[in-house]
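Engineer: Given next are the chains, with one letter for each unit.
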Amino acid sequence: MAKIVVDVMLKPEILDPQGKAVAAALPRLGFAFAKDVRQGKRFEIEVDGEPTAAQLADVEKAAEVLLSNPVIENFTVRVEK
Amino acid sequence: MKIGVVTFPGTLDDRDAARAVRHAGGEAVALWHNDADLHGVDAVILPGGFSYGDYLRCGAISRFSPVMEPIIKAAQGGMPLLGICNGFQVLAEAHLIPGALTRNHELHFLCRDQKLTIENTNTAWTSSYKQGEEIVIPLKNGEGAYMCDDETLAMLEGEGRIIARYVGENPNGSRNLIAGITNERGNIVGLMPHPEHAIDSLTGPSADGLGFFTSVLKALVK
Amino acid sequence: MSLDTVAIAQANPETKQPFAELGLKADEYARIKEILGRRPTSSELAMYSVMWSEHCSYKSSKVHLKQFGEKAVKTDALLVGIGENAGVVDVGQGYAVTFKIESHNHPSFIEPYQGAATGVGGIVRDILTMGARPVAVMDPLRFGPADAPDTRRVLPGIVAGVGGYGNCLGLPNIGGEVVFDQSYLGNPLVNALCVGVMKHSDIKLAKAAGAGNLVVLYGAKTGGDGIGGVSVLASETFESKGPAKRPAVQVGDPFVEKVLIECSLEIFAEDLVVGIQDLGGAGLSCATSELASGGSGGMKVQLDKVPLRDPSLSPEEILMSESQERMCAIVEPSKIARFLEICDKWDVTVTVIGEVTDGNHLEITWNGELIVDVPPRTVAHDGPVYQRPFAQPAYIDQVAQEVINVPLAKSDAEIKETVLKLAATPNLADKSWITNQYDRYVQGNTIQSQPDDSGMIRIDEKTHLGVAVATDANANWSYLNPYEGAKLALAEAARNIATAGAKPLAVTNCLNFGSPEDPGVMWQFAESVRGLADGCLEMGLPVTGGNVSFYNQTGAVAILPTPVIGVLGVIDDVRTRTPMSFDRASLDLYLLGDTHEDLAGSEWAYMHNQRGGVAPIADLQREMRLIELLVAGRTKKIFSAAHDLSQGGLSATLTEMVLRHNVGATITLDNVGIALVSETPGRVVVAIDPAQTASLTQEAVAQKITLTKIGTTGGDSLVINGAKISLTELRKAHTETIPKLFG
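Residue numbers (my numbering), protein chains in the order written: chain A, 4 to 84; chain B, 360 to 581; chain C, 22 to 764.
Warning: the hint list may mix true and false statements.
Said to hold, decoys possible - Okay, the calculated beta carbon distance ranges per label pair:
{"id": "1", "chain 1": "B", "residue 1": "F423", "chain 2": "C", "residue 2": "V94", "range": "49 to 59 Å"}
{"id": "2", "chain 1": "A", "residue 1": "A60", "chain 2": "C", "residue 2": "Q408", "range": "52 to 62 Å"}
{"id": "3", "chain 1": "A", "residue 1": "E63", "chain 2": "C", "residue 2": "G576", "range": "29 to 39 Å"}
No lab work stands behind these hints, which were simulated from the structure alone.
All residues carry an ideal CB built from backbone N, CA and C; glycine is no exception.
Pulled out of the complex, with its shape left as it was, chain A reads as follows (with noise of 0.2 Å):
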């Protein structure tokens, strides 16, 4: 069965004040291999069968309208198996 998966990210300008604190543990934590840090969100959508191109094509619009906020983010759509 295959999922569509939906990522959503706050856009490369907007403040992420989640990653930032994730940022600013991590070398507290001895961990020294982060440059920066931005924190998403994911959906897995669960569909029967194969994804049709209509329903990545209603995936994208959802995830414009419902799953992610445009003014402050961007997303992805993408199948995985």
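Place chains B and C on chain A using the hints.
Structural biologist: Structure of chains B and C alone, referenced to chain A:
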């Protein structure tokens, strides 16, 4: 008796908790999140707030603050430790008590006067109450729904480790209406509602919360 | 692609500049050239355009607002007046209190959560900047019709934003308003008020005095927030660099602000700053020019030292950025080490970006090149002043002719129906679904909060000194008669302070209107300001500051004129306050004040789609005597409870009183139809122990206030004449509406 009150960046109810300690007759000692030792306190309160903004998960970042190291060690040795609201979340993230606090079932912050029953009066923080006593103290949180697996729940119920339960409609979706729990030994208590906001009826809904602070002072005298 | 410097501006006087795109008029642009004796650099143009905007310069409102100063009463209570970040009043015992309301209307329409959140953040920084610890917030909110789809979009977001930010700062939310009206659809009003407390000696001002002192920027790093407008400059100067779109939305980080508050208070406590200013609207442009013109007059700033979140920002954008949670302090060189140490303790980013100079130049460099050289006063204070034309709009005379024709209860069944309908209508229904999303307990000093008439905070635990704050606006009355509407809102806010027994002391305001370019709107504004200034003069209350929000309109349709008036009062012992309601039976209920057939602008008329008629005329002398009576009733311990009458009249007041502690009442009313729904101003219901009857009568006679016994408390119903409404039924009607709409 000296009760330490920890301030993490983003802690909000530290001054209220200190005031409650003083009202109960104790001495409140401010502990800073970066402190490496506990300044000789006899018990510690982790107060409410949004430590480190509660980003990532509530309590997840503060759990690693320097002051938590001596606190965890002392509490494992029997020192009374009370985590209120955000402090409860820190206790859970530090695995000093089982389970986790998750988002309220109605998905928004809720502040209201909440009726509770005290169900275990044998802990360091609840001995001033009568078994089954009903009290009203403020509840205010966005992530106060207590969650754990069935096995843990059965254990908590079986061992009488649920110290307080919500009365009436479930305010946040907590399993079995859990408002607070204790560890096996009864020295560590995690509590979602705020007894420090109910120490007199002028500024709170009642003076019902004072019992948590008088309890610990009694426990320390023993 | 090149940096526009002062040298280049001098060498190339004819370069075309996008002043119109930045909102500057041709004559304003010419004035800038005249001030500088050359064309401005693009950075200077950015600064002037934002500082001379309506929002920052009050260019349309200034000529009217000066009445607040001219008509002001002489009072020793006012420690800091209009012009600073917030006014400060003396409340006794060495304490000073500062309070202010600001609007964040348009950003909250675009992005409800962040708009409302940063609205709270901004006003809290204004209060902090005065040297005060913020102790409470309030939020008067106005939305389109409760059942409109867009209201369902903006209301939950705005409420969550107010709560999300305020709760995380640890500030109790002690009141506000929620009002629904068609005119706010597309123009929701998000006004935020903050109260702060300090000792007299701790008052801080926005001034950069003392040549050689350091200019220190601390708090969050600077990003591209809220500079949508100025990107026109960036795109000209920097063609292909940087993110294509700059966000018009500012995102707040309440955690950073909470840390900034504690860090700043620690800095203030050690007296480490000469002057301080928060970075709000117009960011660094505003902070540097205001600090410089408030102090020695000059300042040198190295703009390239500003720590950036987004390294692609151009100098113009850095000057304009409205990134939140930033402060600018003036620090003596001998104190900078300790200043940096405290910032380090709190993990707050801090940078010395310049120094104070003598003279009259604000000089800003970018990697050594001079990009700004302006007299700071011309940026901060010498903006354009408009005498906008205003004229009474035609509707005023038309609506005055309209006769209100609404059903008035006669039978018992009609009484019951009226009371239940009013209890359930969105404007009067229980708002706890909203207010329960706000923390009202934090700090442990909250004496009163919603749904009390006013919010009340204890400021000294030993002496029990406290302050009360109420905000009110009656846009329906302001629509019919803006002059009286403003006075009536002032009277109502003052009365809401006094019902608890506190004494009104000072006034702030947030004036929400449509476009000032519409002469009718401008007339509404001018009349409102005149009414408020006259009212404050008559009541002896100083105006300590305020905020104007214009352009709240969709197309040609403006919002109802909505002057939100905040009144602050002082109470010497919070333990003796008069509560809003009674918690026992066998008390007598009295109505203070006369009731007339005042249906124009009433909630009952609104519910029947009747918006016309003649608004009541404010009788402030009588209001002041009523306030005297209410304060005396507290100090002489006459009252068991007191509650104001406003929207929804006696019916709404009785509903709120009986439901508060679930104690009913039996009421007898003459002319019951009018008595239930009329909104005659200047009325209060009080509950007294029958033993106090003589004392109450004596006080009422002394103040010449009409006193009518209307009933007694007790039982599990609200009984009015023959109509019996069980408290269960009344509670259901009152509490179901809002959760059903938004839950």
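Engineer: Does each hint fit the structure? Answer for all of them.
Structural biologist: A quick look at each hint next to the structure:
{"no.": "1", "hint": "B/F423 - C/V94: 49 to 59 Å", "in the structure": "holds, 57 Å"}
{"no.": "2", "hint": "A/A60 - C/Q408: 52 to 62 Å", "in the structure": "holds, 56 Å"}
{"no.": "3", "hint": "A/E63 - C/G576: 29 to 39 Å", "in the structure": "holds, 32 Å"}
When the structure is compared with the earlier hints, no violation turns up for any of them.
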